[in-house]
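Q: Listed here are the chains, written in short residue letters.
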Amino acid sequence: MNKHETGRHRGLGGRDLALILGTGLLAAGAVTFWHHSRQPRPPVPPDSAPGRTSRQGRYGDYAVSGRSVTINRPRGEVYAFWRDFSNLSRFMSNVAAVKTEGDLTTWTIAAPAGRTVTVRTRIVSERENEEIVWRSVEGSDIDTEGKVSFRDAPGGRGTEVEAVIAYVPPVGRLGQMIAKLFGREPRIQGRHELKRLKMLMETGEVATSRNRVTD
Amino acid sequence: MRALTYHGTHDVRVDTVPDPQIVNPRDAVIEVTATAICGSDLHLYDGVIPGVMRGDILGHEFMGRVVETGRESTLKKGQRVVVPFTISCGKCFHCMKQQYSACDNSNPAEKQDLTEPLYGEALSGLFGYSQLTGGYPGGQAEYVRVPFSDVGPIVIPDGPSDEEVLFLSDILPTGWMAAENCDIEEGDTVAVWGCGPVGLFAVQSALLMGAHQVIAIDHYPNRLDLARKLGAKVIDYRRTHVLEAVREMTGGIGPDAVIDAVGMESHGFQPDNAMDTVKQKIGIGADRGHVLREAIMAVRKGGRVSMPGVYGGFLDKFPTGAFMEKGLQWRTGQTHVQKYTHDLLRRIQEGEIDTTFLISHRLPLEEAPRGYRNFHSNQDEWTKVVLTPGS
Ligand SMILES: NC(=O)c1ccc[n+]([C@@H]2O[C@H](COP(=O)([O-])OP(=O)(O)OC[C@H]3O[C@@H](n4cnc5c(N)ncnc54)[C@H](O)[C@@H]3O)[C@@H](O)[C@H]2O)c1
Ligand SMILES: [Zn+2]
Ligand SMILES: [Zn+2]
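Residue numbers (our numbering), protein chains in the order written: chain A, 1 to 215; chain B, 1 to 391.
Next comes chain A alone, as it looks inside the complex (with noise of 0.2 Å):
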């Protein structure tokens, strides 16, 4: 049993992630959560809903949470505005900058006190227009991994655009900063972020109730 292991993408988190985040990179086939745990479970068939709406909230170490949302405009120009990563601190607002390197990318994310926490990515595959998966590599702050995909939305109602990111939450004092910055709330943070996207690919500007420039 191999439960209590925390080494990265090893043990019962590393490939329940898997499935959840549907890569396929961890584990090999579809491994189903009871197959692993100490009590036989009935053979339930899982439900049609996806894994991170589950009411199990971690997997092994990781912290979960993802969500969907439907643009209005073509799957190919939703994919390449996304697919240029020099747009995407356009949205998420809490990303500074971000350089990329080959299929290396360095994030640069704005914390209090005028830190920052670097989040260094590699693509580990992408299909065009349909997704990209990236993971974190040695010498990143943060232990993640995630997933974007995009789907003809029926009816013609445009792209449906669904990201899900998988972290370990660190521990010591940085980890405390990077919690304060996503852990607390990082469902909030992601509908943020994609909302903002919507709104800037369907209205070509981000809503915002400040009066003034400087507000």
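What the hints contain is simulated information worked out from the structure, not anything from laboratory work. Note that the Cβ used here is the ideal one computed from N, Cα and C, for glycine as well. Careful: at least some of the hints might be erroneous.
Here's a subset of chain B near chain A, in silico, CB distances under 10 Å, partners left out [unchecked claim]:
| hint | residue |
| --- | --- |
| 1 | D15 |
| 2 | P18 |
| 3 | P25 |
| 4 | C89 |
| 5 | F93 |
| 6 | M96 |
| 7 | N105 |
| 8 | A109 |
| 9 | Q112 |
| 10 | G134 |
| 11 | V144 |
| 12 | P147 |
| 13 | F148 |
| 14 | R373 |
Assemble the complex: chain A is given as a structure, and chain B with the ligands must be docked to it using the hints.
A: Just chain B with the ligands, lined up with the frame of chain A:
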């Protein structure tokens, strides 16, 4: 600039605040020439809508001249425009369906945190109507920043006066949509609770849409008189048993459609209302639903319930049984103003609709607090207050 700001329950003041600027490309800035106080503002004034903060600029019924335009605005400086109280992007799924008050893109993402737990989904942004609807500074001010100015504001040609077109911003389309939601058929009776501006415009609209009979219900003699002059039959609920009266006035059938143009602050000393008032006072998000309950009991089997009146939280003792067993239909919502403005402007220009009969008081913006006080506590005479800045 000068603007009417919220300082607490029954405490609004005209303060000097910074002028608005163009912030987003589709913005325009309007110099307000006329603005009004709405029954909806009274819910804020009474402190029964959550999320109003000290210093918030109120007001959502306004018009004026364009003084600045963002690079994507289609307006031109100097144009006279009426601005819908609903802020709508014109591009999202809901706007395409003309469900403008459900716009996905006008309520800032971070403000939606308040609304999602309360309503399941965030609504469109509204001017001057609490942080729940985006925290946008309102129109009871000298200047207003108008987002999505290429979609909302309607340009008014020379001819009609400000007063004749001002109510295109809210209460005229609201009364119209309330009547439209009744799906009026030949021979129909429509009963309207509330003879405030919304109820009065609903009466006028229902008659224009061919209702055989409109019954208007209130307790203020002057407001009832305005309804009578429009052609309605009236019921003073202080004098008459409403349920019995509407049945007897419809050949024992009941009205085919009912309109709740009162909302969450129903007056009266009925037991259900007294209990609701206590709950509202201690601030547990309770609505006062006496009118809605009465309207559901009054409407005929298979009839329609139209609810322009605003509710914000939760209602108990809702007559679910009557609603289900009678097989009723229910339609409501913040008005999809942009859907109606062009058609209603034409009707005003052709003299089909009278929009000024309900204005009782005209005040300079500086006297807005007096306007609130009286529109709130002296409703019989103060039927509608129009404010003019800079006078
Ligand atoms: N849906 C929308 O988009 C929209 C837009 C504007 C206003 N509104 C709402 O419409 C409602 C009416 O607005 P208004 O400007 O006419 O307000 P108002 O306060 O001037 O009028 C309300 C009227 O209801 C009457 N009333 C109170 N209790 C009653 C009862 N038990 N039976 C019959 N009549 C009763 C009052 O005497 C008053 O005349 C408010 O709730 C307002 O918020 C909704
Ligand atoms: Zn109003
Ligand atoms: Zn919209």
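Q: State for each hint whether it applies.
A: Verification of the hints:
Taken as an interface hint, D15/B does not check out: its beta carbon lies about 14 Å from the nearest beta carbon of chain A, beyond 10 Å. Interface restraint check for P18/B: the shortest CB-CB distance to chain A comes to about 6 Å, inside 10 Å, so the restraint holds. The closest approach between the C-beta of P25/B and any C-beta of chain A is roughly 6 Å, which is under the 10 Å cut-off, so the hint is satisfied. Hint on C89/B holds. Least Cβ distance to chain A is approximately 4 Å, under the 10 Å limit.
Interface restraint check: F93/B against chain A, minimum CB-CB distance 6 Å, threshold 10 Å, status holds. A cut of 10 Å between beta carbons decides the hint on M96/B: the least distance to chain A is about 7 Å, and the hint holds. With a least beta-carbon distance of about 5 Å to chain A, the hint placing N105/B at the interface is held under the 10 Å criterion. A least Cβ separation of about 4 Å between A109/B and chain A falls short of the 10 Å threshold, and the interface hint therefore holds.
For Q112/B, the interface hint holds, the least distance from its beta-carbon to any beta-carbon of chain A being 7 Å, beneath 10 Å. Interface hint at G134/B: satisfied, since its Cβ lies 5 Å from the closest Cβ of chain A, which is below the 10 Å cut-off. The beta carbon of V144/B comes within 9 Å of a beta carbon in chain A, closer than 10 Å, and the hint placing it at the interface holds. At a threshold of 10 Å, the smallest CB-CB gap from P147/B to chain A is about 7 Å, leaving the interface hint in force.
Look at F148/B: its Cβ gets to within about 7 Å of chain A, closer than 10 Å, so that hint holds up. Nearest Cβ of chain A to the Cβ of R373/B: about 27 Å, over the 10 Å cut. The hint is violated.
Checked against the numbered hints above, the structure breaks hints 1, 14 and satisfies the rest.
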